[in-house]
Each structure stands twice: as structure tokens, then as C-alpha cells.
Amino acid sequence: MPRLRQVPRSEAAESVVPLYDFLFGDRDPVAEPGTAAGTPGDWWTVFALVPDVFDHCVRGFGVYRSDRRRLDPLLRELGQTRAGWSVASQFVYSQHCKSCRGLGMSEEKIDAIRHWQVATCFDERERALLAYTDYLVEQHGRVPDGVFDALHAHFTDEEILEFTYITGLYFMHAVMTKALRLEFDDRDDPVVEVPAPADFDAAAFARD
Numbered sequence: 001m002p003r004l005r006q007v008p009r010s011e012a013a014e015s016v017v018p019l020y021d022f023l024f025g026d027r028d029p030v031a032e033p034g035t036a037a038g039t040p041g042d043w044w045t046v047f048a049l050v051p052d053v054f055d056h057c058v059r060g061f062g063v064y065r066s067d068r069r070r071l072d073p074l075l076r077e078l079g080q081t082r083a084g085w086s087v088a089s090q091f092v093y094s095q096h097c098k099s100c101r102g103l104g105m106s107e108e109k110i111d112a113i114r115h116w117q118v119a120t121c122f123d124e125r126e127r128a129l130l131a132y133t134d135y136l137v138e139q140h141g142r143v144p145d146g147v148f149d150a151l152h153a154h155f156t157d158e159e160i161l162e163f164t165y166i167t168g169l170y171f172m173h174a175v176m177t178k179a180l181r182l183e184f185d186d187r188d189d190p191v192v193e194v195p196a197p198a199d200f201d202a203a204a205f206a207r208d
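Residue numbers (the numbering used here): 1 to 208.
Hints are not guaranteed to be accurate.
Within a straight-line C-alpha distance of at most 27 Å, the following computed DSSO-like cross-link-like pairs (lysine-lysine) qualify [said to hold, decoys possible]: (1) 109 / 178; (2) 178 / 98; (3) 98 / 109.
If you are wondering where the hints come from, they were derived from the structure by calculation, not from laboratory data.
These numbers come from a predicted model, not from an experiment.
When you get a sec, could you build the whole thing from the sequences and use the hints?
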């Protein structure tokens with residue numbers, strides 16, 4: 001379950017209630033969790049703890065979906081989905097696979113986002129964005145000039161800035177959902193010590 005308290009409908013701020021209504025109908029999302037998309041919905045109930053942070057995040061969702069964006073939504077989703085995969089956020093990756101599908105991306109491309117480096121289904125523009133995503137997320141912004149040369153060959157400065165902001169935003173969301181164990185990121189860390197047999201001699205093992 002989430003690492004922070006969830007806000008029931010009876011305690012929700014005025015700005016939060018319309019989103020509760022939209023996602024959960026007239027249910028209390030803490031007592032009766034679950035959204036139409038199959039998620040628990042606890043991102044919303046935890047972020048509702050601080051209404052101005054909640055509102056800021058919701059506005060951010062509106063920014064990337066705005067019709068003022070110059071970047072093709074399908075190209076935008078490459079960054080969001082790859083960021084979720086790279087951070088190992090089950091929630092961000094899973095949700096944005098669905099977004100890709102809803103925007104008309106082929107199943108071949110959706111599946112290949114995980115291994116784009118060896119996939120043949122992406123064109124030069126898409127590969128440039130996927131490479132840039134990896135440097136943004138995995139190298140924390142340490143981007144070689146050659147990657148920017150490839151970006152500038154296909155995109156305007158405005159499109160590159162939009163992609164940078166949206167991908168960075170979802171890098172942040174992926175990290176936060178993992179840290180707080182929200183939604184599909186409520187999972188134990190798989191990297192643990194595997195117990196040895198009861199008769200295992202640790203001291204002898206260390207000496208050998």
C-alpha cells in the first residue's frame with residue numbers, strides 16, 4: 001500500500017473533488033478504490049494530501065495534452081513511455097503503453113520501445129527522440145552534441161523544448177510513484193539476499 005496517508009472524499013479539498021468525481025464517481029476512493037483504467041487510483045488520493053501540489057500536477061497533465069503543443073503526440077509518448085521503462089516504473093510504463101495505443105501507435109512499436117536500439121520499426125526522428133530520452137533519464141541530462149545534431153535535423157527548437165519538458169516531467173513522476181509505492185509501483189524490491197541452506201558455513205565461505 002502507499003507509504004503516505006490517503007485522503008478520503010470527506011477530507012478532500014474543493015479543487016480535488018471534481019477529479020474524484022471524474023475518476024471514481026460518487027465512491028470514496030479510499031474505501032472503494034479503483035478506476036475505469038484498472039488502476040487502484042491511489043496516486044490521486046495521496047497527492048490530494050497537498051492540494052496545491054495536486055493542482056500543479058493536474059495542470060502539468062493539461063500542458064502536455066494541450067492543443068498548443070507543436071510536437072506530435074505520438075512522438076511525445078515515446079519519451080513518456082521510455083522514461084517509465086528506464087526508471088522501472090510499472091505504473092508510468094503501463095499507462096503510457098495504453099496512451100500510445102489510444103493515439104494509434106502500432107503494437108510493434110509499443111513493444112519495441114523497451115529495446116528500441118535494435119528495433120527496425122522506428123524512423124530516424126523516432127530514434128533520435130528515444131536516444132535523447134535515454135540520455136535525459138539514464139544519464140540525467142548528460143547529452144552528447146551528436147544527439148542534439150540529430151534532433152536539430154528533424155525538429156524545431158520549440159518541439160525539442162516541449163519534448164524535454166514532458167519527458168523530464170514523466171521521469172519525475174516515475175521516480176515519485178516508485179518512492180511512494182503508488183499504483184502499480186506498490187511492489188517489493190526484487191533485489192534481496194537469497195537465504196542460504198541452514199547448514200551453510202558463512203565463515204568458511206568468506207575464507208575460501
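Tested hints:
A hinted pair counts as satisfied when its Cα atoms are at most 27 Å apart, and residue 109 with residue 178 qualifies at roughly 25 Å. Proposed proximity of residue 178 and residue 98 is supported: the alpha carbons are some 19 Å apart, at most 27 Å. A hinted pair counts as satisfied when its Cα atoms are at most 27 Å apart, and residue 98 with residue 109 qualifies at roughly 12 Å.
Checked against the numbered hints given earlier, this structure breaks none of them.
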